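Colleague: Hey, can you work out the whole structure from these sequences and the hints?
Residues in the sequence shown are numbered consecutively from 1, following our numbering.
Calculated from the structure, these hints are not laboratory results.
Note that the structure is predicted; figures quoted are calculated from it, not measured.
Take the hints with a grain of salt, since some may be wrong.
Cβ-Cβ distance ranges computed for the label pairs, FRET-style [stated by the list, open to error]: (1) Asp97 with Ala170: 33 to 41 Å; (2) Gly302 with Asp82: 18 to 26 Å; (3) Pro29 with Ile5: 17 to 25 Å; (4) Glu213 with Arg41: 26 to 34 Å; (5) Asp202 with Arg86: 18 to 26 Å; (6) Ser90 with Asp28: 28 to 36 Å; (7) Asn174 with Leu92: 24 to 32 Å; (8) Ala126 with Arg78: 23 to 31 Å; (9) Ala317 with Arg249: 14 to 22 Å; (10) Gly43 with Arg105: 34 to 42 Å; (11) Asp147 with Asp99: 41 to 49 Å; (12) Pro304 with Ala170: 37 to 45 Å; (13) Pro29 with Val315: 55 to 63 Å.
Mimicking DMTMM-like on lysine to aspartate or glutamate, the simulated pairs with C-alpha atoms at most 25 Å apart in a straight line are [said to hold, decoys possible]: (14) Lys303 with Asp272; (15) Lys102 with Asp184; (16) Lys102 with Glu113.
Quick reminder that beta carbons are idealized off the backbone N, C-alpha and C, glycines included.
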Amino acid sequence: MVTIIDVAREAGVSPATVSRALNGAKVDPELAERARAAAERLGYRANAMARNLRRQKTDVLALIISDVANPVFTAIARGVEDVAQRAGYSVLLCNADEDPDKEARYLEVAIAEQVAGIVISPHAAATDVERAIAAGIPLVVVDRPLDAPVDSVLVRSESGARAATEHLLAEGWNRPACLPGPADAATALDRLAGYRAAVGGDGVHAFAPFSIEGGAAAAAAVLDSHDPDALLVGNAQMTLGVLEELARRHLVVGRDLGLVTFDDAPWARFVDPAITVVGQPAYEIGARAAELLLGRVAGAAGKPETVEFGTELVVRASSVRRR
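Modeller: Here you go:
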């Protein structure tokens, strides 16, 4: 196995110079180039474990997402990874599955492994990240805000829900109901607030998990207790459950009920009728979060920053009333 001493001998410099050059420390440019060229010729690979012990950190970012099956988080993960890879960092993907206990375990793993930084979509605003902050690990929140002094990259869900509900009303759906998601998720509460602003009152809603089963249960609840003629749904996973429940009741989307969902899942345009969506710039959210995190890793100071992205209403047949 090629050692740092072999590289130093090949380059005609000291082992310390090789170490500094390969770790990005300040070195005479000519000596640094000789060290890097010698390392490449000999096929030298640094001992990552030893390097991490010296630095007291790794070249790894932890990405803790709420649900890997949700296409929004898939796109966020790609954005984080692309930016991280360009900067020389790897990404450890952790799927918390909307489970607070699982989320807490992944945070403990990230601290124990001394990751360079954490991007997290927290299950709830009260998610405890104090140990990570105390350990000096920079942290950026995506999708949902957190009750902690950290950078955040969020989406204006309330205005997106209001625009979607106003669209349903304009199409002649007079009794829209809202299935925003779980009651402890800030995004669900924001979507409910936007819906209520559009209907001018409390309206009709049913909280449920961001899942297929949750969507089916919420749809059944409002259909059994009220007479909605349209549904605004909190995310794409829930919408699959809603479609299942509507099919079970022989209700036709676009004829019997209007339908709009948050998140432009890949399948949304291919079902019949195609689903109107409130699109979110998920890739850009992940990329911006990674940029903020890497800035903190590099030592950027200052107050926590909040970046907010807008949404886009993409109108398709599911919300256009057949006349």
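Colleague: Evaluate each hint against the coordinates.
Modeller: Results of checking the hints against the structure:
1. Asp97 with Ala170: 33 to 41 Å: holds (38 Å)
2. Gly302 with Asp82: 18 to 26 Å: holds (25 Å)
3. Pro29 with Ile5: 17 to 25 Å: holds (23 Å)
4. Glu213 with Arg41: 26 to 34 Å: At 58 Å between Cβs, range violated.
5. Asp202 with Arg86: 18 to 26 Å: violated (48 Å)
6. Ser90 with Asp28: 28 to 36 Å: For Ser90 and Asp28 the Cβ distance comes to about 30 Å; the hint holds.
7. Asn174 with Leu92: 24 to 32 Å: Once the Cβ atoms are compared, 49 Å apart, the range 24 to 32 Å for Leu92 and Asn174 is violated.
8. Ala126 with Arg78: 23 to 31 Å: holds (28 Å)
9. Ala317 with Arg249: 14 to 22 Å: Since Ala317 and Arg249 have Cβ atoms about 20 Å apart, the given range 14 to 22 Å holds.
10. Gly43 with Arg105: 34 to 42 Å: Check passed, 38 Å falls within 34 to 42 Å.
11. Asp147 with Asp99: 41 to 49 Å: Check failed, 19 Å falls outside 41 to 49 Å.
12. Pro304 with Ala170: 37 to 45 Å: Holds: the Cβ-Cβ distance is about 38 Å, inside 37 to 45 Å.
13. Pro29 with Val315: 55 to 63 Å: holds (57 Å)
14. Lys303 with Asp272: violated (48 Å)
15. Lys102 with Asp184: holds (16 Å)
16. Lys102 with Glu113: holds (17 Å)
In summary, the numbered hints that this structure violates are 4, 5, 7, 11, 14.
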